[in-house]
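2 protein chains.
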Amino acid sequence: MTKTWNHQVVKEGNKSLVLDKIKNNSPISRAAVASQIGLNKGTVSSLVSDLLDDHLIYESGPGESSGGRRPVMLLFNDLAGYAIGIDIGVNYLLGVLTDLSGNIQLKKECSFKNLSYEEIKEKMFSTIDSLIASAPDSPHGVVGIGVGVPGVVDKDGEILLAPNLKWRNLDLKSVLEEKYGLPVIIENEANAGAYGEKRFGAGQECENIIYVSAGIGIGVGLILNGTLYKGSNGFSGELGHMTIQVHGPKCRCGNEGCWELYASEQALLDTAVQSGLFASTDEKLDLPHLIQLAESGNEEAIALFKKSGDYLGVGINNIVNTFNPQQVVIGNRMASAKNWLSESLNERVANQALWFQQNDLIIGFSELDTLPTALGVAAFTIENFLSVRMQPQQAIFS
Amino acid sequence: MTKTWNHQVVKEGNKSLVLDKIKNNSPISRAAVASQIGLNKGTVSSLVSDLLDDHLIYESGPGESSGGRRPVMLLFNDLAGYAIGIDIGVNYLLGVLTDLSGNIQLKKECSFKNLSYEEIKEKMFSTIDSLIASAPDSPHGVVGIGVGVPGVVDKDGEILLAPNLKWRNLDLKSVLEEKYGLPVIIENEANAGAYGEKRFGAGQECENIIYVSAGIGIGVGLILNGTLYKGSNGFSGELGHMTIQVHGPKCRCGNEGCWELYASEQALLDTAVQSGLFASTDEKLDLPHLIQLAESGNEEAIALFKKSGDYLGVGINNIVNTFNPQQVVIGNRMASAKNWLSESLNERVANQALWFQQNDLIIGFSELDTLPTALGVAAFTIENFLSVRMQPQQAIFS
DNA sequence: AAAACTTTGTTTAGCCACTAGACGAACATG
DNA sequence: CATGTTCGTCTAGTGGCTAAACAAAGTTTT
Chain S
1 MTKTWNHQVV
11 KEGNKSLVLD
21 KIKNNSPISR
31 AAVASQIGLN
41 KGTVSSLVSD
51 LLDDHLIYES
61 GPGESSGGRR
71 PVMLLFNDLA
81 GYAIGIDIGV
91 NYLLGVLTDL
101 SGNIQLKKEC
111 SFKNLSYEEI
121 KEKMFSTIDS
131 LIASAPDSPH
141 GVVGIGVGVP
151 GVVDKDGEIL
161 LAPNLKWRNL
171 DLKSVLEEKY
181 GLPVIIENEA
191 NAGAYGEKRF
201 GAGQECENII
211 YVSAGIGIGV
221 GLILNGTLYK
231 GSNGFSGELG
241 HMTIQVHGPK
251 CRCGNEGCWE
261 LYASEQALLD
271 TAVQSGLFAS
281 TDEKLDLPHL
291 IQLAESGNEE
301 AIALFKKSGD
311 YLGVGINNIV
321 NTFNPQQVVI
331 GNRMASAKNW
341 LSESLNERVA
351 NQALWFQQND
361 LIIGFSELDT
371 LPTALGVAAF
381 TIENFLSVRM
391 QPQQAIFS
Chain R
1 MTKTWNHQVV
11 KEGNKSLVLD
21 KIKNNSPISR
31 AAVASQIGLN
41 KGTVSSLVSD
51 LLDDHLIYES
61 GPGESSGGRR
71 PVMLLFNDLA
81 GYAIGIDIGV
91 NYLLGVLTDL
101 SGNIQLKKEC
111 SFKNLSYEEI
121 KEKMFSTIDS
131 LIASAPDSPH
141 GVVGIGVGVP
151 GVVDKDGEIL
161 LAPNLKWRNL
171 DLKSVLEEKY
181 GLPVIIENEA
191 NAGAYGEKRF
201 GAGQECENII
211 YVSAGIGIGV
221 GLILNGTLYK
231 GSNGFSGELG
241 HMTIQVHGPK
251 CRCGNEGCWE
261 LYASEQALLD
271 TAVQSGLFAS
281 TDEKLDLPHL
291 IQLAESGNEE
301 AIALFKKSGD
311 YLGVGINNIV
321 NTFNPQQVVI
331 GNRMASAKNW
341 LSESLNERVA
351 NQALWFQQND
361 LIIGFSELDT
371 LPTALGVAAF
381 TIENFLSVRM
391 QPQQAIFS
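Just so you know, the sequences run in chain order S and R.
Just so you know, we're using the numbering used here here: the first sequence kicks off at 1 and counts up by one.
Just so you know, we're using the numbering used here here: the second sequence kicks off at 1 and counts up by one.
Watch out, some of these pointers could steer you wrong.
No distinction is drawn between identical chains; accordingly, a pair holds when it is met within one copy or between any pair of copies.
[Claimed, not checked] EDC-like cross-link-like pairs, simulated, lysine to aspartate or glutamate; straight-line CA separation at most 20 Å:
1) K306 to E256
2) K284 to E300
3) K155 to E207
4) K155 to E205
5) K250 to D369
6) K155 to D360
7) K123 to D53
8) K307 to E343
9) K306 to D154
10) K250 to E347
The set of hints was computed from the structure by calculation and includes no laboratory data.
Since the structure is predicted, the reported quantities are computational estimates derived from the model, not experimental observations.
Using the sequences and the hints given, assemble the complete structure.
Quick look at the structure:
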């Protein structure tokens, strides 16, 4: 049933507008909020009073006069609560504690290899435990937990498949909700990264951002019209398995000529082995070492990166032609090879994307390092918390 | 500036809900509307009274009693106004006059070859003139004109580029608005087709529909979360120029290995020439004749279609992996070869799409024949008219 | 057939959030 | 110090919604 419209909805919507205004333009006075979003001064006063009661904002001292009474400045209360964001990688686990603006208060990281679901779960529990324990006192405490997973997550938050972790049909959401009694959001790693990039990355004003998570495999997160597009069942963005070579080599997905066979970290390492740069048993067979080789002037390594950048460009062209985005951001591990990839990538795009797509189009690498996913799920958690807080609070009955 | 929330917005939203309910569930009583959308009976009565005054609905006789007073049934007034939809093709022009439910009242069609912009414009004017002249008397008359164009349209309705018509930077919207004094919507042909398919085609309940317009070229219209996604500048869906073969043949777009070099009508005809089925000067060199050949048992023609269907499948796999849609609809001229394409197409998709994408996924051909585009733009026009009508009407001052 | 119950649609009273505008407080300016 | 400006609050009024009463028009029960 569609939601009907009534007074509560109006108030909720306006309160949300006021809070956003204060978040994004702080410090700001009541009068300025009113004139800028077009609400009556009295209405704003009343909504601000609600927000103050809820500790989501606070008053600082008086601001500068502009020829009359000095305004009382309002600020978003970053520290009214904290969110936890977890990024589960194939061989690492990254946890962050952020305030309500997404500023990182604490970061916990650990690496591993070939751990089972149970073992990773334990690592996650201890990470979450220590993050919760170190959260400072605040009106709302820890408001929720977000988890990014390198796999397919359906609309109910169930993990259907995470091939690189060998996970299938896991209800991690319920496990965490029961253990911690907090709202939990499980999201695909690329989707979360896309949102992290929108909220904390370069193009925070952009409505259409495509985040290409290029790691062992390739996943894509789609921010369309300002919100995450998840598809009918939550499986959108599986662009790693987009065919870019019709009768190309077989992929483990069953398809042929998939993009990630050409442009992923795995593809890069495989060709490095084929070209004899590494032995397939070589311990140094990883991306950082390959970057090191390129930096020390190894022509072969440089050529490999160039090829990868070119192939990345092929897929990104397809993305641009499909979505006409304002921004394409490349993140995850391959972003660390930015310097060695960007030239050939940009060349491919400049030469081959349709001319009218090129205006106002920004293609770049993530500047959030390894953080977009963890920050993205934390941001989801915060957003969820705030939207609940906009609703009228029930009386608590004991 | 973001729109603020007030009483008008509430009323507008609720009136819209009531109208939609009546449109989709007619005949229906006031009481049923109230209970189904969750509004108070009194509120519904008041909104219904507004809608009656505006002639958008009407009361029919009493319905069947369910154990009490017999209800007064409400119906959407299809005939309260009419919309015009124009589909400009490369060698045809199709105009329809529809009622407010999109039912076709009149259809005008003409074919041509190699006409200039001015000449096509004249044909369009005469089509529109005769459609307007034949619209029956109604409370609101003709409520607007929609035009679908085989090219790139920006967000302001300006036609940036229609390669097959050799059009560039034309402001057809203003021309029509000034001539007819009616609201005009210009939309890309594939976008309009997608919307037509959503409103009048197979999957009217689907929120995510991808419409593949396969004609001379290939364009794609995207219905995501129930609305048309147009991208940052209106250039989304240029999937005809998606690379499916990295070092494939050159396309006129500058790119290599574009999908439409393999799966479009043009590609099919080109290979027909190459294989000697036609001479390149042959007058019969068109799709209907090729279909005829296949129907008469020509093995070579059948094989060509099979190949085309396979290539269509390649691109559709990419679409499915990208969008996780509920439905993919293939329309435009290639849809007429449905019987000869579908087997190899379905085979390709079944073998290669990711397994979890296959659930609840429907891939089919348009059943609206040549009409999706014209119906789509007409539907846009109607929607626009109705949304204006939901707003409180100003007093008219003379 | 009368009485009792149901359902529909209108009406009334009341509520809630918003607006307009008055107002006092606090500050700047001449 | 007088005047003007700006900020924030307060009050009265408006509009749309809800809840509940009510009349009208049915059906069902006795």
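Going through the hints against the structure:
1. Only between protomers do K306 and E256 lie at most 20 Å apart by alpha-carbon distance; the minimum there is 19 Å, versus 23 Å within a single protomer.
2. For the identical chains of this complex, K284 and E300 are intra-copy neighbours only, at 16 Å inside a copy versus 54 Å across copies, given an alpha-carbon limit of 20 Å.
3. Taking the shortest Cα distances, K155 and E207 sit within 20 Å of each other only across copies (14 Å), while inside one copy they are farther apart (22 Å).
4. In this homomeric assembly, K155 and E205 come within 20 Å of each other (Cα to Cα) only across copies, at 18 Å, whereas the closest approach inside a single copy is 27 Å.
5. Neither within a single protomer nor between protomers do K250 and D369 lie at most 20 Å apart by alpha-carbon distance, with minima of 32 Å and 37 Å respectively.
6. Taking the shortest Cα distances, K155 and D360 sit within 20 Å of each other only across copies (14 Å), while inside one copy they are farther apart (33 Å).
7. Within a single copy, K123 and D53 get their C-alpha atoms no closer than 38 Å, and across copies no closer than 66 Å, so neither meets the 20 Å cut-off.
8. Taking the closest pair of Cα atoms, K307 and E343 come within 20 Å of each other only inside a single copy of the chain (10 Å); across copies the shortest separation is 37 Å, beyond that limit.
9. With identical chains, the CA atoms of K306 and D154 are never at most 20 Å apart, being 36 Å at best within one copy and 35 Å at best between copies.
10. In this assembly of identical chains, the alpha carbons of K250 and E347 lie at most 20 Å apart only when taken from different copies (17 Å versus 28 Å within one copy).
In this structure, the hints that do not hold are numbers 5, 7, 9, in rising order.
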